[in-house]
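K.L.:
Now for the letters of each chain:
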Amino acid sequence: MDDASNGKPKTELLDQLEEGPWPSFVKEIKAASQGSEKATDLLRQLERSYEERKGHWKHGGMVGVLGYGGGVIGRYSDLPEEFPQVAHFHTMRVNHPAGWFYTSDALRTICDIWERHGSGMTNMHGSTGDIILLGTTTDQLEPTFQELAQNGFDLGGSGSAVRTPNCCVGMARCEWACFDTMKLCYDVTQAYQDELHRPAFAYKFKFKFAGCPNDCVASIARADLSVIGTWKDDIQVDDAEVANYAAAGVDIQKEVCDLCPTKTMGWDGKKLSIDNRECVHCMHCINVLPKALRPGKERGAVVLIGAKAPIMQGALLSSVLIPFVPAEELLDTLKELVKRIWDFWDEYGTNRERVGELIQRVGMPAFLDGIGLEPVPEMVAAPRDNPYIFFETKNGGAK
Amino acid sequence: MPVFECEGRMYEVDEDGFLQEPERWSQDVAKDFAQTEAIADLTDGHWKVINYIRNYYLQFGIAPMVRKLCKETGYKLNEIYQLFPSGPAKGACKLAGLPKPTGCV
Ligand code: SF4
Ligand code: SF4
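These protein sequence lines map, in sequence, to chains A and B. Using the working numbering, read the first sequence as starting at 1 and increasing by one per residue. Using the working numbering, read the second sequence as starting at 400 and increasing by one per residue.
Just chain A, with the same shape it has in the complex (with noise of 0.2 Å):
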């Protein structure tokens, strides 16, 4: 099935997938069987499933290393005899650094350890954050393990476990950030080690951590537990730098305000005034004028449960599960709190099921009674449009 005319694997209709102006993978594939033959077995047996419409992987290997349950996805061809260099091509997953930073040693690093005991391909980083390592021999994984264990780095999760916490890369370069995300994503890394490598649950159990509601992680579509800094007071405004903005052309009542989901927001020409009990917190205006605004002092997370992307059932969202932890009790509260669900959930979760559908087929009320949390309006979303709900005034009169 090979090109005669240059000894290289006909690759026609994986060929198109070059054209555009986008990063492909089979370029990256392409530039890597220059040296290696697992990415030449790679690209032949892509071709044929391409041609076919059908995968050659075969489902669910079982290995990995000595200590660990998790941390490695097995992967077979049921091609071997046509595509041998990638009749095993197990992938390894590296928990990587909070906020994805390495000095370019580490990554030579990675990169030597994969050359000498896989195919030298990575993808940096996978969606669950991992580095992932991909391509190799059973009998590769437990010396990969050890050369990497030695310079400092660790398997990350897979399977019915904690996977590899995630955050946004916050405080270290951004000035959103109302907590420190890398700090909280290290902490939670290092408090669920057993959970993490050793799978005892009934399904995957993901957290990330957004350090504001533009939420850089997708925790509220991606993660189990998703905790998004949030702030409980005033947005900051900046006078001087809204004219700024103003005198430079930013049409502050189209642009802002009128696209304030809440209409929360005022402009004279002159001054701007936010209704700050009105504000949900959605970012928008501090995106449109970061100089001028920015979140307020009194700064902390909100704690959301049971997203998921659509595997085994469809698509979830997150829910808020507790409105407001100040930044310096997130730690301790979150420890409490994934207690009592992890509880919760192997009490009454059946197998692969996730905590979010766990949610919906118990209901929300019997899962904040079974984990001791009371219900609040911030719970539900639009508490205001919701019939359910019913609002008193301060002084006691229905609203």
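Treat the hints loosely; a few may be bogus.
[Stated by the list, open to error] Chain B stretches covered by chain A per the calculated footprint, using a threshold of three residues with CB under 8 Å from any CB of chain A:
1) 418–426
2) 442–456
[To be verified] In silico DSSO-like pairs for lysine-lysine, Cα to Cα no more than 30 Å straight-line:
3) A:Lys-58 x A:Lys-8
4) A:Lys-339 x B:Lys-467
5) B:Lys-475 x A:Lys-339
6) B:Lys-447 x A:Lys-339
7) B:Lys-470 x A:Lys-335
8) A:Lys-335 x B:Lys-475
9) A:Lys-58 x B:Lys-467
10) B:Lys-467 x A:Lys-335
11) A:Lys-254 x A:Lys-232
12) A:Lys-339 x B:Lys-470
Keep in mind that the hints were calculated from the coordinates and are not lab data. No experiment lies behind these values; they were computed from the predicted model shown. Virtual Cβ for every residue (Gly too), placed ideally from N, Cα, C.
Assemble chain B with the ligands onto chain A, guided by the hints.
P.N.:
Frame of chain A; chain B with the ligands shown alone:
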């Protein structure tokens, strides 16, 4: 189909080394497979776990969930990893002669 050989005894296994003929299982088979899982000697603790998994499998046709395994044997999960370094699914189930578990353990 790969074959695992131990002192002249041949076993058909899958690519991850799991026994393919569950009816051939015996304690001696478990001892042979122990070598592939970095276990030097099978102690009473190992047998407690292996027998529990084996019996559960014969009764229900699947491997028990990890949580149940721990509860019923009285071992914490990290103690199971001390007995079976590659864990309950890859290590203990393999020695108990189960086909490769797909979900739980
Ligand atoms: S989520 Fe917020 S704090 Fe984190 S990087 Fe994005 S904008 Fe910055
Ligand atoms: S953060 Fe969003 S809701 Fe709050 S004032 Fe700005 S635009 Fe309006």
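K.L.:
Determine for every hint whether it applies to the structure shown.
P.N.:
Each hint, compared with the structure:
Counting residues of the stretch 418–426 of chain B whose beta carbon lies closer than 8 Å to any beta carbon of chain A gives 0, which falls below the threshold of three, so the coverage claim is violated. Look at the stretch 442–456 of chain B against chain A: 0 of its residues bring a Cβ nearer than 8 Å to a Cβ of that chain, fewer than three, so the hint is violated. Distance hint between A:Lys-58 and A:Lys-8 is fulfilled; the C-alpha atoms sit about 26 Å from each other, no more than 30 Å. Distance check on the hinted pair: A:Lys-339 and B:Lys-467 sit about 18 Å apart at the alpha-carbon level, within 30 Å; holds.
Using a Cα cut-off of 30 Å, the hinted pair B:Lys-475 and A:Lys-339 holds, with the two alpha carbons roughly 17 Å apart. Between B:Lys-447 and A:Lys-339 the CA atoms are separated by roughly 29 Å; this keeps the pair inside 30 Å, and the hint holds. Between B:Lys-470 and A:Lys-335 the alpha-carbon distance is near 23 Å, which keeps this suggested pair within the 30 Å criterion. Note on A:Lys-335 and B:Lys-475: the hinted pairing holds, with a Cα-Cα distance of about 20 Å set against a maximum of 30 Å.
Simply put, A:Lys-58 and B:Lys-467 have alpha-carbon atoms about 29 Å apart, close enough for the 30 Å limit, and the pair holds. Restraint check for B:Lys-467 and A:Lys-335: the C-alpha separation of about 24 Å stays at or below 30 Å, so the hint holds. With a C-alpha separation of about 26 Å, the suggested pairing of A:Lys-254 with A:Lys-232 holds against the 30 Å cut-off. Proposed proximity of A:Lys-339 and B:Lys-470 is supported: the alpha carbons are some 18 Å apart, at most 30 Å.
The structure shown violates the earlier hints numbered 1, 2.
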